[in-house]
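> Chain by chain, the residues run as shown.
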Amino acid sequence: MDSIILQILNGLDKGSAYALIALGLTLIFGTLGVVNFAHGALFMIGAFCAVTLKKILTLSSVVEDPTKTDFLGKPLKVATPYVESWFGEATGAALIDWAVPLAILFSIPIMIGVGFIMERGLIKHFYKRPHADQILVTFGLAIVLQEVIKAFYGANPIPTPAPAVFRGSFDFGVLLGFDPNAIIYPYWRMVYFAFSAVIIGAVFAFLRFTTFGMVVRAGMADRETVGLLGINIDKRFTIMFGIAAAVAGLAGVMYAPINSPNYHMGMDFLVLSFVVVVVGGMGSLPGAVLAGFMLGILEAFASMNQIKAIIPGIDQIIIYLVAIIIILTRPRGLMGKKGVMEE
Amino acid sequence: MLGLNKKDTTLFLIVIGMAMLAPFILNPFPEGSSLAQMFNAGYPDLMQRFVIFGILVIGFNILFGLTGYLSFGHAAFLGIGSYSAVWMFKLVGMNVLPAILLSMIVSGVFALLIGYVSLRRSGIYFSILTLAIAQMCYNLAYSVLGNPSSNFNLTNGETGLQLSLNDPRILGSATTDGALPVTNLFGAAMRSSYQWEAGSWLFTFNVGYYFSAIIMLISFYISIRIFRSPFGMMLRAVKSNQQRMNYTGLNTRPYVLAAFVISGIYAGLAGGLLSSMDPLAGAERMHWTASGEIVIMAILGGVGTLIGPVVGAGFNEYFKNILSKINDDILHTWLSFLPDGLENLLVGFLHYFVGKGWHLTLGIMFMLVIIFLPGGLVQGGQRIAKLFSRKKDGQATPPATQTPAE
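Protein chains in written order, with this note's numbering: chain F, 1 to 343; chain B, 344 to 749.
Pulled out of the complex, with its shape left as it was, chain F reads as follows:
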């Protein structure tokens, strides 16, 4: 029993990332009808927002301290981050420590901006072109974005730790009445799950309870009619693209402590997120979220040693296997509407 709960928990953090990325992908597909292969790159840019903020916060003024010497006998160079000299040592250190959560605020405007530029500058011109062209141009864009990041940040992963409070693990099993040390779970993964739940809830609430969201939903259902009613649906869809980019970016920001950001992390997640979208059903937001968590948890179960002993290698292919079965037996996915992209 405890190992089952442990696997569910293990699946949750990856599942959260899948769900967030797939949610953004589905938002874009549902509104604009574009298959965005650059969405993984947005996730990666989000993660690098966290790296950048960390770098900005640790920008330091270097002074030589003549009273101390380093191991070579030269005067010791003391680096004091500017934030520490400006806000006092304690506040400054706390700011640096909390760089990743702070990057949430930092990344939202950046991601929305990136999304706007992408939609207005490139994708807008591809609405009338075939899906294959959309896939290819966004794939090209993804390559370009990841190479730009590589040129500036190098090819190695950059460790970006979580705040000290959230490092380490806690004994989750004791809370549920199991033996101590049965279920050990890192704090940050719990935070990540809670965070993604909040984001998913916020996106759904935004679409459900605001006038803007209502118009967007109407546009998703029937774009032409909404346009005929005199509503500028294109503008709203552009904003939705920005929001989708922000969702992917936030998923990336918070993922940075779990997996050190590197330039190809977007591509790694992209394929899986597409699989998630297809399993959930093209254009279905709840489907994307459900499939994200479901596949995350399935993957966690498949990597249990007991299961790997029965079917070796199942952990590597389980997600793809599920996707193939779903596409072949139920092409509209778990919760997809009839007729969406069903040729």
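For the record, the hints were derived by calculation from the structure and aren't laboratory data.
Careful, some of the hints might be misleading.
[Unchecked claim] Taking CB as the label site, the calculated pair distances span:
1) B:Gln586 with F:Ser169: 37 to 43 angstroms
2) B:Ser507 with F:Ala182: 53 to 59 angstroms
3) F:Gly227 with B:Leu711: 28 to 34 angstroms
4) F:Trp98 with B:Leu456: 50 to 56 angstroms
5) F:Leu228 with B:Arg463: 33 to 39 angstroms
6) F:Ile8 with B:Leu456: 57 to 63 angstroms
[Claimed, not checked] Straight-line alpha carbon distances no greater than 27 angstroms define the calculated DSS-like cross-link-like pairs of lysine-lysine that follow:
7) B:Lys350 with B:Lys663
8) B:Lys729 with B:Lys349
9) B:Lys699 with B:Lys663
10) F:Lys308 with F:Lys337
11) F:Lys235 with F:Lys337
12) F:Lys337 with B:Lys663
13) B:Lys668 with F:Lys150
14) F:Lys55 with F:Lys124
15) F:Lys124 with F:Lys54
16) B:Lys663 with F:Lys55
17) F:Lys150 with B:Lys349
18) B:Lys350 with B:Lys699
19) B:Lys699 with B:Lys668
20) F:Lys308 with F:Lys128
21) F:Lys150 with F:Lys128
22) B:Lys582 with F:Lys124
23) F:Lys150 with F:Lys54
24) F:Lys128 with F:Lys55
25) F:Lys128 with B:Lys582
26) F:Lys308 with F:Lys124
27) F:Lys150 with B:Lys729
From a predicted model like this one, the values you see are computed outputs, not experimental measurements.
No residue lacks a Cβ here, since even glycine has one placed at the ideal position from N, Cα and C.
Add chain B to chain F, keeping to what the hints say.
Positioned in the frame of chain F, the structure of chain B alone reads:
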């Protein structure tokens, strides 16, 4: 000639000429000059890659160009072909013919299975199905099937499958000197070359290159015949409107499946040739970004055209090679005529696009081609040609809007 019409015969003859004279064409600069180091591409390894990737993309074009089914997992067949060829070298002998034959058969069988499954869907679902299946193959080849400590080590995981001295090699002559045997075609080693010095030029004629080039020419000829056959016509009809085809009571799936298998066999053949040139097969050949590169090559050249795939593959490989060779020092010497400040600025800017950053340049080029030239470089060439011919005529006839296919 050979059942081709006049236009195709000319095209085919040009390709034959280019392929046979490649060691001359690709070596325009005298040996040892600085330009030669940069732009000469007439060495065996690169020339082999030109033609082998040419085969791969010609095959991909039969599927994507004719039927419009965008497979995002084509590299799987390349990998499967490579592995089977290396196994043939390990088990049977170092002759390349059986190896290539086996890689074609194995990849054909895989293509039949994968195509049967994935062609049940079309459009984006087909792309994602092929992508998923290819990633599955990659993951399996990388982990479970390649665990060196298990009894069932098919792919040798991260290290890649390679020859070793204690392979059985039933038909192979025993090597006594302790060196690994080399791949050959009835005794002619693939890696052996003949070098001809003419003045200050040095031309290399490599056995492996000519072997691959002849296979490429055969593949190219077959692809022309497919393009011009009723079968090719059927595939084009599938691309333009599959539903209407179905309404006429025709089951299109066998045709598309045939195209899928043919292009899978082409990819397997390319993989087998890659292994024949260098008997080492790694899982990274099957990664989905490798499939993406195949798509890029096809698009760069021009999808649905006959010559496009060859152009695209050559272009991609050539620029990859050149761009990755340029470094800051070379940029400095090139731009030395500029004032120093400007020179440093420009070099600092260009630095991101050359050397290790060649991916970026190719990515940008790929995007530009998709945005402005959906028909690829071939369409670009046609446009330029049209521009000139119109000027010559001096007539103001509006150019007939032509589809890039043909």
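> Now look at each hint and say whether the structure bears it out.
Hints versus structure:
no.	hint	verdict
1	B:Gln586 with F:Ser169: 37 to 43 angstroms	violated (56 angstroms)
2	B:Ser507 with F:Ala182: 53 to 59 angstroms	violated (47 angstroms)
3	F:Gly227 with B:Leu711: 28 to 34 angstroms	holds (31 angstroms)
4	F:Trp98 with B:Leu456: 50 to 56 angstroms	holds (53 angstroms)
5	F:Leu228 with B:Arg463: 33 to 39 angstroms	holds (38 angstroms)
6	F:Ile8 with B:Leu456: 57 to 63 angstroms	violated (34 angstroms)
7	B:Lys350 with B:Lys663	violated (32 angstroms)
8	B:Lys729 with B:Lys349	holds (20 angstroms)
9	B:Lys699 with B:Lys663	holds (10 angstroms)
10	F:Lys308 with F:Lys337	violated (35 angstroms)
11	F:Lys235 with F:Lys337	holds (25 angstroms)
12	F:Lys337 with B:Lys663	violated (44 angstroms)
13	B:Lys668 with F:Lys150	holds (18 angstroms)
14	F:Lys55 with F:Lys124	violated (34 angstroms)
15	F:Lys124 with F:Lys54	violated (34 angstroms)
16	B:Lys663 with F:Lys55	violated (33 angstroms)
17	F:Lys150 with B:Lys349	violated (49 angstroms)
18	B:Lys350 with B:Lys699	violated (41 angstroms)
19	B:Lys699 with B:Lys668	holds (9 angstroms)
20	F:Lys308 with F:Lys128	violated (47 angstroms)
21	F:Lys150 with F:Lys128	violated (32 angstroms)
22	B:Lys582 with F:Lys124	holds (25 angstroms)
23	F:Lys150 with F:Lys54	holds (17 angstroms)
24	F:Lys128 with F:Lys55	violated (42 angstroms)
25	F:Lys128 with B:Lys582	holds (17 angstroms)
26	F:Lys308 with F:Lys124	violated (46 angstroms)
27	F:Lys150 with B:Lys729	violated (41 angstroms)
Violated hints, listed in ascending order, are 1, 2, 6, 7, 10, 12, 14, 15, 16, 17, 18, 20, 21, 24, 26, 27; each of the other numbered hints is respected by the structure.
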